[in-house]
Structures are given as C-alpha cells and as structure tokens.
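When you get a sec, could you build the whole thing from the sequences and use the hints?
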Amino acid sequence: MSEIASSVAPPLPAATEKLKFYGLWMAAAIALLLLPKIFGSGGSLTTFSLIGISIIFSLSYNILLGQTGMLSFGHAVYYGLGGFLVIHAINIIGANKLPIPLPIVPLIGGLTGLFFAMLLGWVSTQRSGTAFAMISLGVAELIASSALILRTFFGGEAGISANRTKLLRIFDWSFGPQIQIYYLVAAWTLIAVIAMYALTRTPLGRMCNAVRDNPERVQFVGYNPHVVRYLAFCFSGFFAGIAGALAAINFEIANSAYLGAVQSGTVLFATYIGGIGFFIGPIVGAIFVTFLSLGLSDLTPVWQLYFGLIFIAVVVFAPGGITGLLMMHRPLLKAGTLTRVLPSYLIAFVPTLAMIAGLILSIETIVHYTVNPGDDSHIKAFGVSFDAASPFIWALAVVLLIGGFLVARKTWTFVGHAWDSAATMAREKRIAA
Amino acid sequence: MLELIVISTLNGVLFGMLLFLMASGLTVIFSMLGVLNFAHASFYMLGAFFGFQVSRRLGFWPALLIAPLLAGAIGAGVERYGLRRVHKNGHVAELLFTFGLAFVIEEVVQIIWGKSPVDFRVPPLLDFPAFTIFSTNYPAYKMFMLLVSIAIFVGLLIVLKKTRIGLIVQAALTHPHMVGHLGHNVGRIFMLVFGVGTALAAVAGVIAGPALVTQSNMAGLLGPILFVVVVVGGLGSLPGAFVASLLIGLVQTFAVSMNGSLSGALGPLGPDYASTWLADIWGVTIAQIAPIMPYVLLVLILIFRPMGLLGTRDT
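Here the protein sequences come in this chain order: A and B.
Residues in the first sequence are numbered consecutively from 5, following my numbering.
Residues in the second sequence are numbered consecutively from 54, following my numbering.
Watch out, some of these pointers could steer you wrong.
Covered by chain A, according to a simulated footprint, are these stretches of chain B (three or more residues, beta-carbon under 8 Å) [what the hints assert, rightly or not]:
# : region
1 : 130-141
2 : 151-160
3 : 256-262
4 : 347-359
Please keep in mind that the hints were generated in silico from the structure rather than gathered at the bench.
Positions of the beta carbon are idealized from the N, C-alpha and C atoms, including for glycine.
In structure tokens:
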C-alpha cells in the first residue's frame with residue numbers, strides 16, 4: 005500500500021519551488037503594505053478598499069462557478085446578509101460596550117454568510133446546471149423582496165447605518181480614517197485569498213473540480229455530488245459574508261441594494277471577465293471591473309451599456325477571460341515563437357480599434373438624440389469632443405463601423421493562421437499548447 | 054366574497070395565460086437548444102415597446118402583427134449570429150451570453166425610450182366594459198387579452214400535434230441528435246424555433262403593454278417569475294409549464310386581493326410584538342407578500358419535488 009502511495013503521490017517540492025511559492029505571498033503582503041505609501045490620496049485609498057472587497061467577493065463566487073461549475077445568479081444574498089448582520093452587530097457592540105474590536109467583526113459577517121448558505125444551500129444545490137442557476141435566481145429574489153417587507157430589520161429603502169469608530173480600540177486605532185480601513189480590508193483580503201487558495205488544494209477542493217467535470221463518475225467513486233456542491237456552497241457563502249461585512253464597514257451603511265440582482269450580476273461579470281479557469285482570474289477581474297466602473301462612469305453617461313457589451317464580447321470571443329487570453333500565450337513564450345504572432349496582432353489591432361471607435365461614435369450620437377435631444381450638439385465622450393449634429397460625423401461613424409468590421413474580419417483570420425503556425429512550432433519543441 | 058373569487062379567477066387565468074405565452078417559447082427553446090434563454094423576458098419588453106412605437110404610427114392592429122415579427126427577426130438573428138457561435142463554449146457560456154444580452158437590451162431600451170413609463174393605451178375599439186359582474190365593470194380589453202392567449206395556445210397545440218413541423222419539433226424535444234441524423238436541417242429548425250419563441254413573447258408584450266405598465270424595468274420584474282414558472286413546471290415540460298403558469302397566475306392574483314395578516318387573524322389574542330422586529334412578520338398582509346409568493350412556491354416545490362411538477366429529466 006505504501007509503495008503505491010509513494011509512487012502516486014507527487015514528489016515533495018524542491019527548496020527553490022517552496023521559496024518561489026511563499027515568496028509570492030510575501031511579495032503580495034509587502035505590496036499591500038506599501039501601496040498607500042505610493043498612492044496616498046483619499047480617492048485611491050477608497051478605490052483600493054473597494055478592490056479588496058471585490059477580490060474576496062469574486063473569489064468566493066469562483067468557488068461556485070469556476071471550481072464546482074455552479075452558475076449562481078444570487079450570490080449577493082450572502083454578501084448582503086453578512087453586511088446587514090455586521091451593521092447590527094456594530095450597533096449592538098457599540099451600545100453595550102462589548103469588548104470586541106472592529107478587526108474581528110468581519111468574522112461575524114462570514115459566519116452569517118455561512119449560516120444562510122447552510123440554510124438555503126441544501127435546497128439550492130439539489131440540482132446542478134441550468135436548474136441551479138434558476139433556483140439561485142429565485143432564492144435571491146425571495147430574499148431581496150423579503151428585505152423590503154421586513155422594514156425594521158433591513159431598514160426599507162434607506163437601509164441602516166452604524167458608526168464604526170465607537171468600538172473597543174486596540175493600538176489606539178479608531179478606524180475613522182480611510183487609511184486604517186484600507187489596512188483592515190488589505191489584511192482580510194490577504195487572509196481570505198490565502199484561505200481560498202488553500203481550499204483549492206484540499207481533497208474537498210479537488211472533489212469540487214471532479215463534480216464540475218464529471219458528476220456521474222464522482223458518484224461511482226462513492227461521493228455524493230450533492231454533498232460536495234453543498235460544502236462548496238457553504239464555503240462560498242462564508243467568504244461572501246466576509247466581503248459583505250467589509251463593504252458594510254467601509255460604507256458604514258447596509259441597504260437593500262447589497263442583496264439585489266445588480267450586485268449578483270456585478271460579481272458574475274467581474275469573475276467571468278477575469279477568467280474562471282485560473283485561481284488568479286477573479287482577482288484580475290475584480291481589479292479590472294472596479295477600475296472600469298469607476299472610470300467609465302466619468303467618461304460617458306451610458307457606461308452600463310458598454311459594460312454589458314464588454315461582457316458579451318468576452319463571452320463570445322474570450323470564454324477564458326483576461327487570464328485565459330494571457331495564459332494561452334505561455335507555451336508560445338516558452339517555445340520562443342511568440343514573436344511570430346505579435347506582428348499579426350498589430351495588423352488586426354488597427355481595424356478592430358476603428359470598428360470600436362465607429363461603434364462608440366454611433367452609440368454616443370444616438371444617445372445624444374434620444375436621451376437629451378434639446379442639448380447642445382457638441383458633446384464630449386471618452387475625452388473627445390465632436391458635433392453629434394454634423395452629417396460628417398454620422399458618415400464617419402458608419403464608415404468606421406462597417407469598414408472596420410469588414411477589414412477586421414479578414415485580419416483576424418490572418419491572426420488565426422499565424423497563431424496556428426506558432427502553436428505547431430511550439431508543439432514540435434514538445435511544449436504543450 | 055363571491056365577487057372577489059370570480060374576478061380574481063378571471064384575472065389569475067389571464068395572468069397565467071400571459072405567462073404561458075412566454076413560458077411555452079422558453080420551454081421549447083430550452084428543450085431543443087439546451088439553453089435557458091435568460092433574455093426571454095427582454096423580448097417580451099421589446100414586443101411591448103415595438104408595439105407602442107408602431108401603434109403610434111399605424112394603429113394597434115398592425116402593431117399586433119408587426120411588433121412580434123420584428124422581435125422574432127431579432128431573436129432569430131441572435132440565435133444565428135450569437136448563440137450558435139457561443140455553443141462550442143458550453144451551456145454556461147450560452148446562458149451567460151443571454152444574460153449579457155438581457156442587460157444590454159434593458160440599457161438600449163432605456164436609452165431609446167427613457168426610464169419612465171410610455172403612454173401605451175388600450176385601442177379605442179376595445180376601450181369599453183365587456184360586462185358588469187357584481188357591480189364591477191370588467192374591461193373588454195382584458196377579455197381580448199384572454200382570447201388572444203387562448204387562440205395562440207390552441208394554435209400552438211394544433212401546430213405541434215397535427216403538422217409535420219410540429220412533429221419534428223416534438224421529436225427534437227426528446228431526441229435532438231436523432232432528428233439531426235434523419236437529415237433535417239437542425240440549425241434552421243433551431244433558428245426558426247428561437248424566432249417563433251421570441252415572437253410569442255413579443256405577442257405577450259404587445260397585448261400586455263397597454264394593460265400593464267410599459268416601462269424599461271418590465272423585463273426585470275417579469276423575468277424571475279418566468280424562470281420560476283419553468284422550474285416549478287419542470288424544465289423542458291410543456292404541460293408542466295402550462296400548469297405552473299396558471300398556478301402562479303392564480304396564486305399571485307388571489308394573494309394581491311387578500312388583506313389578512315397574522316395579527317389580524319389572531320386579533321387581540323395574539324402576543325404583542327409591536328416593539329420588536331417581529332412586528333414586520335406579524336403585521337404584514339397577504340397582499341404585501343404577493344410579490345414573493347412565486348418564490349416561496351419555488352422553494353416548496355424544490356423541497357418536495359426537485360424535478361418540478363411534471364418534470365422528468367435532470368439537466
């Protein structure tokens with residue numbers, strides 16, 4: 005028996021491997037510590053805090069979607085309930101002067117998320133696939149609508165607020181200034197990311213992958229896929245609760261929007277755009293989507309439309325997300341054939357950009373005529389000013405859009421050929437593409 | 054009391070038939086393509102807005118024909134150039150594609166028609182009370198809605214049961230691969246079914262538009278209930294979708310018209326929760342919880358019959 009185990013088990017990692025692995029986490033910790041020293045303004049600290057919260061939330065979502073193959077449309081339920089419970093907890097702790105400091109309060113949110121995931125999860129995870137997606141949607145609607153009925157607990161439309169500075173202080177930190185909240189969020193982000201990474205390395209994490217790939221075979225091996233899905237759901241709810249708690253502490257308020265469909269949709273967008281196939285994907289997605297939603301809303305009034313279009317483009321053209329696209333190039337990089345693809349990218353880039361510019365120009369012109377037709381026709385979108393009333397702009401938009409599309413289609417087949425030859429060369433050097 | 058029962062039953066059946074107009078298309082699309090069209094309610098909304106726009110130019114009756122055709126053409130285009138491309142990436146990608154589509158359609162509708170309700174009126178020809186029952190005037194337009202939904206239901210039944218194309222669709226519901234092997238152009242059938250399904254949703258939108266509110270959030274309000282219908286009925290089961298549509302239509306309509314609450318039922322005998330947060334549960338009326346009734350029903354069905362009422366297959 006021990007012989008089999010020794011031949012099947014992977015060899016212990018070498019010292020350099022270990023150093024690389026732990027060095028990565030140490031580097032992340034140091035980067036989180038130094039970040040406010042480089043970008044110290046209040047605005048960037050708020051952005052970093054939001055990104056941290058979004059990272060925990062997206063990673064918790066990926067336990068479901070990426071690792072266990074469960075598409076949930078109602079993940080915000082556990083995020084929101086965690087947030088609400090934490091606001092109530094802060095109020096109770098503050099009023100009764102209980103000896104509980106703020107840094108451990110997010111744990112209350114996590115336990116709330118875990119509790120409700122345990123409660124609702126057993127019913128929800130009975131089926132997988134499309135049925136699970138619809139059930140998660142129904143359960144989310146149930147909770148979100150109930151939140152508007154139970155006004156005393158959820159505070160109705162306005163929500164409920166709390167004062168985070170009234171708690172027991174340690175090291176004389178009041179958690180009033182944003183910098184202290186940043187460090188709180190950063191510490192919890194690091195802990196949660198490490199914990200969720202560790203979870204993927206456990207036997208349970210591996211069983212989750214097996215349930216995603218082949219639930220029938222899991223049953224033959226002697227596991228119950230329903231139980232595995234349920235456990236994954238509980239863990240996911242726990243981390244979502246922590247994220248919601250941090251959000252509630254950050255804003256000092258919890259309202260029904262925390263639980264709603266928009267929140268559930270946003271975490272789905274962030275996770276999928278980042279890429280569900282790799283552990284780092286949701287982190288990339290959380291950073292990207294947070295910057296995108298903050299940046300786009302300054303540039304154009306209809307930023308949500310662009311957001312949806314980007315999501316559709318990712319689903320259609322890059323189902324692996326941003327990280328999937330980048331990781332595709334790794335074997336080429338290793339084989340040294342990446343340089344054969346790059347020129348074709350540059351060629352395809354120009355008409356694609358022209359097509360996108362034409363699309364943006366058309367959308368902004370239409371928006372001018374439908375949303376605010378009475379306004380001055382000299383509008384500014386994405387930092388570029390133009391006259392939405394001039395026929396020249398209309399012609400330019402149409403030419404860019406249609407011409408760009410036709411040329412781009414040709415150039416992308418060219419990219420495909422270049423890619424194929426580069427991948428074949430990489431394969432000849434025995435590097436798996 | 055009798056008045057309440059009669060009126061609520063009429064309204065409930067009407068709402069149920071409207072739901073079934075959409076749920077039938079959704080179910081057939083799901084059975085054939087294996088993808089639950091998340092944007093189905095968005096096509097219902099598009100139908101209502103197209104209907105509004107066309108009826109302003111040409112009147113209501115042309116709109117009843119043109120709007121579903123337009124929405125159906127868009128639906129067929131979505132299947133041909135969108136879903137078919139995504140198909141190779143698996144069912145999750147397909148579902149997410151329609152999810153993104155629902156999001157984009159809502160944004161586009163908001164950009165074109167704004168966020169506030171548009172003035173989509175009942176055509177003057179039908180703007181009179183059909184009959185008076187217990188001193189309540191029942192509008193003729195609602196009877197018209199009921200008749201249209203029943204006519205389409207019967208038409209659908211005949212097409213599915215008596216025609217060749219219906220035979221192929223029925224076969225494809227259970228054995229899609231076999232249908233392909235027999236030499237039918239499955240791709241074209243899929244596109245056709247998707248187009249007809251979305252057109253049916255658009256018909257529901259045109260006839261519901263004047264009676265309900267035509268607004269950019271109507272898809273978001275109805276969508277989740279629609280998915281509850283197909284899950285409660287059993288995914289992929291057309292009779293199940295019919296039963297569930299009527300059930301949810303009736304449950305919701307009856308709940309809206311009832312005014313009882315726990316504290317009202319127990320009167321002064323009940324414990325006094327006025328000061329605690331339990332007061333919300335205690336004082337809430339059945340009418341107030343009507344919006345969550347479908348979801349409560351969903352959870353109950355899942356506990357006692359995970360496959361749905363008439364569902365047979367696991368996905």
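Right, here's what the structure says about each hint:
| no. | hint | verdict |
| --- | --- | --- |
| 1 | 130-141 | holds (count 3) |
| 2 | 151-160 | holds (count 6) |
| 3 | 256-262 | violated (count 0) |
| 4 | 347-359 | holds (count 8) |
In terms of the numbered hints stated before, the structure departs from hint 3 and from no other.
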